[in-house]
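Between the sequences and the hints, there should be enough to build the whole structure, so can you do that?
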Amino acid sequence: IAGITQAPTSQILAAGRRMTLRCTQDMRHNAMYWYRQDLGLGLRLIHYSNTAGTTGKGEVPDGYSVSRANTDDFPLTLASAVPSQTSVYFCASSGVAGDNEQFFGPGTRLTVL
Amino acid sequence: GENVEQHPSTLSVQEGDSAVIKCTYSDSASNYFPWYKQELGKRPQLIIDIRSNVGEKKDQRIAVTLNKTAKHFSLHITETQPEDSAVYFCAASIAGGYQKVTFGTGTKLQVIP
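So the protein lines, in turn, are chains A and B.
Quick note, this note's numbering runs 383 ahead of the 1-based positions in the first sequence.
Just so it is clear: in the second sequence, position 30 is 20 by this note's numbering, and no numbers are missing.
You may find that some hints are simply not true.
Below are the DSSO-like pairs computed for lysine-lysine, each with C-alpha atoms no more than 30 Å apart in a straight line [claimed, not checked]: (1) A:K440 <-> B:K12; (2) B:K58 <-> B:K48; (3) B:K32 <-> A:K440; (4) B:K27 <-> A:K440; (5) B:K90 <-> A:K440; (6) B:K98 <-> A:K440; (7) B:K47 <-> B:K58; (8) B:K32 <-> B:K47; (9) B:K58 <-> B:K27; (10) A:K440 <-> B:K61.
Simulated from the structure, these hints should not be mistaken for lab results.
Next up, the structure:
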């Protein structure tokens, strides 16, 4: 692995189904983030994690949950998908204090029907 | 929380002309202002950032200015080229830790050859 990866690349999902988007980084970054990107709305923070074992809510957390069991992985779960969760999802990570550049994954395009 | 407004939402310029994108922020505690470029179908990537202890920063054809009193900052691209065509996002956060970054809604820049 080089950098930050996401899986799947894209997914079509029936409403009501459960879905987990995966995110893994190998840069030993402490902080990780999940954003959704919708046309005209930019990047909106869903959840974040400052370090392994801790998580926090962002701007649009409803309908999503995250966990951070270790430094490398930060999965995002949709417990019961709804059409309004159709979006492109980006995972990102950033390093130690004073270095706030965020490195983004390639994104997951999710369509909920 | 922080609120970042970005203008214009779209911008078309002739190749060789300059482009300026402006952002305002609301939280006077914010002191780190990155700019990200997102090419079509790609992930956002950092192109330049500025911290509150400086008023201007340049990197070849790209410059960013910051006015902390007025709480606004701008991205300047000179001698634009077709490869500058992309969506640009400004953002604001508090450096020195694992702070959340608040993004603007993006500017779609089109450079016409």
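Hint check:
1. A:K440 <-> B:K12: Distance ~28 Å between A:K440 and B:K12 Cα, so the pair holds.
2. B:K58 <-> B:K48: holds (18 Å)
3. B:K32 <-> A:K440: holds (26 Å)
4. B:K27 <-> A:K440: Roughly 25 Å between the alpha carbons, so the hint for B:K27 and A:K440 holds.
5. B:K90 <-> A:K440: holds (10 Å)
6. B:K98 <-> A:K440: Cα-Cα ~28 Å, so holds.
7. B:K47 <-> B:K58: Distance ~14 Å between B:K47 and B:K58 Cα, so the pair holds.
8. B:K32 <-> B:K47: holds (26 Å)
9. B:K58 <-> B:K27: holds (23 Å)
10. A:K440 <-> B:K61: holds (26 Å)
Checked against the numbered hints given earlier, this structure breaks none of them.
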